[in-house]
Amino acid sequence: MSPQTRAVESWTLQPLTDFVREASARLVLVLTPSGQVLAQSGFSRAVDVMSAAALAAAIVASTSELARQLRQPPFAALSHQGPKTGFFLATFVTERGTLAVLAVYDLDVSSLGLVQLFYEQLAGDLKAASPKGAVPKQVLAADFERELTDSLNTLFGR
Amino acid sequence: MSQALDMITRVRGVRGAMLVSAEDGIVVAEQLMEGIKGPAVAALAASLAGRLRRAMDAAGTGAAAFWHLQAEQGALLVVPGAGILVVAVAEPDVNIGLVRLELLRAVEAGL
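First to last, the protein sequences are chains A and B.
Okay, so the first sequence: first residue is 3 according to the working numbering, each after it adds one.
Okay, so the second sequence: first residue is 36 according to the working numbering, each after it adds one.
Treat each hint with caution, since some may be false.
[Stated by the list, open to error] Pairs of lysine-lysine, DSBU-like flavour, derived with a Cα cap of 35 Å:
no.	chain 1	residue 1	chain 2	residue 2
1	A	86	B	72
2	A	134	B	72
3	A	129	B	72
4	A	86	A	129
[What the hints assert, rightly or not] Label-pair ranges, simulated between beta-carbon atoms:
no.	chain 1	residue 1	chain 2	residue 2	range
5	A	97	B	140	48 to 56 Å
6	B	70	A	77	26 to 34 Å
7	B	139	A	12	48 to 56 Å
8	B	126	A	72	42 to 50 Å
[Said to hold, decoys possible] Residues of chain A placed beyond 10 Å of chain B at every Cβ, according to the derived structure:
no.	residue
9	52
10	65
11	77
12	95
13	100
14	131
No lab work stands behind these hints: they were computed from the structure.
For every residue, glycine included, the Cβ atom is placed at its ideal position computed from N, Cα and C.
One chain only, chain A, in its complex shape (with noise of 0.2 Å):
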C-alpha cells in the first residue's frame, strides 16, 4: 500500500491503491456528489483535499445541470489537459451510491488514454467492493464539522 493512500471507507482502499499504481496518477479523490471524500491519495494537506473535493463537487454539480437542460443522461467523464498536467473527472454508479473519482496527473508519466482504462477498471472494482444493500449515510448539519474532522483524521492518519 502507498504510504499516501488513505480512505475513510476501508472498502475503497485496495481499488484506489491499485489505480494509482497502475495510472500513475498524483492525485486521486474517491468522493460522493457532495463532496463527501471516502479516499484520497497524493494530497499532503487537509486544505488542498476540501478545495479539490468541494470544486470537484462543484463540476459534477454543474454539468449535470448542463446535461439536464440539454436533456441528456449526466455527463459520464470530464478531462482537462493543461500543458504538463491533465485532471479527469468521472461518476459513476455503485451500491453506495453515485461516486466520482477525480484524478489528477503529469503528462510526463501518465496520459489520458491510461487514466481512462485503469479508470474503468477502479470504477468496476469500486461498484463489485462496495458494501451491498448499504444506504448512503445523511450527514445532518449539526454533525457536519465532526464528520468532516473525523474523515479528515482518518485521511491524513492522525
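Use these hints to put chain B onto chain A, whose structure you have.
Just chain B now, kept in the frame of chain A:
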C-alpha cells in the same frame, strides 16, 4: 486515415491497425479484429512509446523509428510519427518487413 489503415490491414497476418495520439494514448482511428482491446492497446502503447523515447534520449541513440515486440501469440509493431503512433497488431508469423514498410509509408504519407 482509413486508406492508410487499409494498406496495413491488407497484409496477411495483420489482425488490426490503429492511429494513436502519442501524447494522450487515445485511439484516433482503428481497424481491428474482434477481441483486440483497442483503447487498452492504444493507452499502453503510447505509455511505452513515451518511456522508450526517454530511454533512447538517455542512451543518446536518437528517436526510435520502429519497434517490434514479439510474443508467443502475436506481435505489436509501432512506427512513431509526428504526434501520432501507427500501431499494428499481428499474428506471430506475419511478414514483419512488409508490415514495417506499410507503417512507414503511412507515416511518410502524413496519414
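- Against the structure shown, which of the earlier numbered hints fail to hold, in ascending order? none
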